[in-house]
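Trainee: Protein chains in written order, with numbering that gives the first Met the number 0: chain A, 0 to 323; chain B, 0 to 323.
You can trust all of the hints, since none of them are fake.
Heads up, the list lumps identical chains together, so a pair's fine if it works in one copy or across two of them.
Pairs of lysine-lysine residues, derived as DSS-like cross-links and limited to a Cα-Cα distance of at most 27 Å, are as follows: (1) LYS159 - LYS314; (2) LYS123 - LYS104; (3) LYS202 - LYS123; (4) LYS159 - LYS144; (5) LYS104 - LYS27; (6) LYS314 - LYS202; (7) LYS202 - LYS27; (8) LYS123 - LYS152; (9) LYS202 - LYS121; (10) LYS276 - LYS159.
Derived by calculation from the structure, the hints in this document are not laboratory data.
Bear in mind that the values here come from a model prediction, so they are computed numbers and not experimental data.
2 protein chains.
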Amino acid sequence: MFGFGKSKAQKGATQTQTLKIGLIGLGKIAVDQHIPSIRANKNLELVAGASPGSRPQGVVAYNTLAEMLKAHPEIEAVAVCTPPQVRLSVARQVIEAGRHVFLEKPPAATIGEAELIRDLAKAKGVSALASWHSRYAPAVEATRKWMGERPIKSVHIVWKENVRQWHPGQTWIFEAGGMGVFDPGINSLSILTRIVRDTVIVKSADLHFPSNCQAPIQVEMNMQTDNGLAIRADYDFLQTGVQTWSIFVESESGEKLVLSMGGTELEIDGKTIIKEKEAEYSGLYAHFYDLVKSGTSDVDLSPLRVVADAFMVGKRIEAPAYIE
Amino acid sequence: MFGFGKSKAQKGATQTQTLKIGLIGLGKIAVDQHIPSIRANKNLELVAGASPGSRPQGVVAYNTLAEMLKAHPEIEAVAVCTPPQVRLSVARQVIEAGRHVFLEKPPAATIGEAELIRDLAKAKGVSALASWHSRYAPAVEATRKWMGERPIKSVHIVWKENVRQWHPGQTWIFEAGGMGVFDPGINSLSILTRIVRDTVIVKSADLHFPSNCQAPIQVEMNMQTDNGLAIRADYDFLQTGVQTWSIFVESESGEKLVLSMGGTELEIDGKTIIKEKEAEYSGLYAHFYDLVKSGTSDVDLSPLRVVADAFMVGKRIEAPAYIE
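Chain A extracted, bound-state conformation (with noise of 0.2 Å):
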C-alpha cells in the first residue's frame, strides 16, 4: 500500500501532507457535508468534482471520474457520494486507478457488492472506508461507554422524518435497492452496532411498502442480542411535526439513556449530559485521513447485514401509495 508522496498519482505534483481529494456524486450529502468537511480540515484539499448534472459553486466539475482524474492526476483519493446503486461500478475504477475510495452510507447496495469493495481494495492496496457518518456523531461514545458500565435491559429507536423535507427529489429511495426508510434507519443501525458491542439479530420485522414503491416507507422490527438484551426499532419516512432520532436505553435498574437528535444530545435520567452541535463528517475525514495514511482500511457491513436480514425475514405491508 502506497502512502502520501509516493502516489503513482502524485507523480509531478507538489509532495505534501494534505490528501488530495475528489468528489464523484455532487448531490444533497456531496453538498451539505463532504465539501465543507473537507475544507475545514487542515490536512485535506478538495481538487474536483465529477457529476452527470450538478455544478455546486467554487467546485472544478467534470462530467465523469475518468475525466476529472486525467485532468487532475494528483488526486490521491476519491469520496463515493452516488446513490447505492452505482457505488459499485464507481468504486471499482476508483480502486483500479490506485486511489484510496471513500464510501457513503451504505457502501453499496448488497453485501455482496460491499464485501468485493473491500476485496478489491485490499488486493489493489488502497484504503477503503465503509463510512458511517452517524457513529462520529458527538454523544455516541459515551453512549457506548455508558451501556458497557452496566446490564442493560432494552433499546428502542424511533426514528422518525418527512422525506419531503430531507430527501427532496431523491426517486432512486424508493426503487428496488434503494432501501426506503431504512436510508435514514441505517444510520441508527450503524450507532446500534457501535453501543451495543453483542451481535444484532433480526428476529421480525414488518415491512410497509406503499403501493406504488419496491422500498419500505415505515418499518417495525425486533432484534436481539444473545444476551437476552430487546431492542426495538421504529422507522417512519413520513413523520410531519417534530421530526426524531432518538436512541431510549433502560439498565436492568432502571436507569434511563436517552441519545437524540441523531446522537448530538445525551440525556441520563433525565440530566443533559452532552448537548452539541454535529460535527459527523470532520470526525469521518479525520478517520479516512487516519486509514490513508496508516495504510488500513475500515469496511465494517454490519449495519447493512441488519438491513438485508430485515428484507429477509420481514413481512411485507402495503401501504398507501406514495406522491413527492
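Use these hints to put chain B onto chain A, whose structure you have.
Mentor: Showing chain B alone in chain A's frame:
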C-alpha cells in the same frame, strides 16, 4: 477443541472411534436423508432423536433436545434439522452443551444468526458445519474443474419443482423467513458459489409473492461476477410435469456444459460425462466427521448472503394466492 474420547459428554461412556450423533427435528429431511446416511457410515452412530411430534420407526425419540441429552450423555454431536426459524435457539443449546453441531441448510433464518452460531461454536471449541448438501452431488467438482480451465461466458440456473409434491405440509416455507422458492433455490446457489470462483453479485431480482404468503413462489434473478460473467436464475415452485434442477454453462468459445438433476448428471456438448445416483448426505456426513476429527469448522454463508441480497434489492410482484 476436544476430539474423540476427550469430550465431557463422553464421560463414563465406552470410548470408541465412532462419532455418536443425536438428531433434533425428525421431519421429512431427517427421515429421508440423515437417518439412512448416518446408519450407512461406519464412523457414525445414530444414538437418538428429538422432536415434539414425529416418531420415525426404529429411532429412540424424545420430546426435547434437553431430554435426549440427559438420557444419552454419550451423544457428541447433534444434527439440527428443524425449520430455519428456530435453528439459532436449538444450535445455541447444542453448543452450550458442548456438542458439535451439524446445521441443515440454510444454517439459520438470517445472516446475523448464522454468524452468531459460528462465533458461539468457535468460543466453545466445538465444530460447526453449515451444510450445503447440493455441493456434494457427484458432478459438482467436475463442473468446477471444467469451468476453471476456460473463460466462461454465461451461467443459467433453472430450478423448477412442485412445492405440493416435495414440501407437503411444510407451511413454514411460505411464512416470513421461510424463504419460499429460495428454500430449494439456495441449493442451486450453494452449487453456484462452489463452481464459480469469484464473488457472486446480485444485480436484480423479480420476487413473486402470493397474495397470502410472506415468501416468494417464483423468482427471476440476474447476477454477475466482477469478471463480467453473466449469471441468471429462474426459480419456480409451481412446476408440474417434468421437474428441473439444472445449471447451463456456456464457455466463451461456445462449449456447452449441463449440470442436471441437482448435480448428479453432467453433459458436455451433448455427451454424457457423469450420471450417478444422488448420494449427497453420505459425502456431507463424511465431511462433518473430518471436521470434528480435525477440530475445525466450515461455516460458508455465501449462498445465504445471495438470498438476503436478492430480498434487499428485489422487486416485489404480487402473484395469485397459494393454497396447498
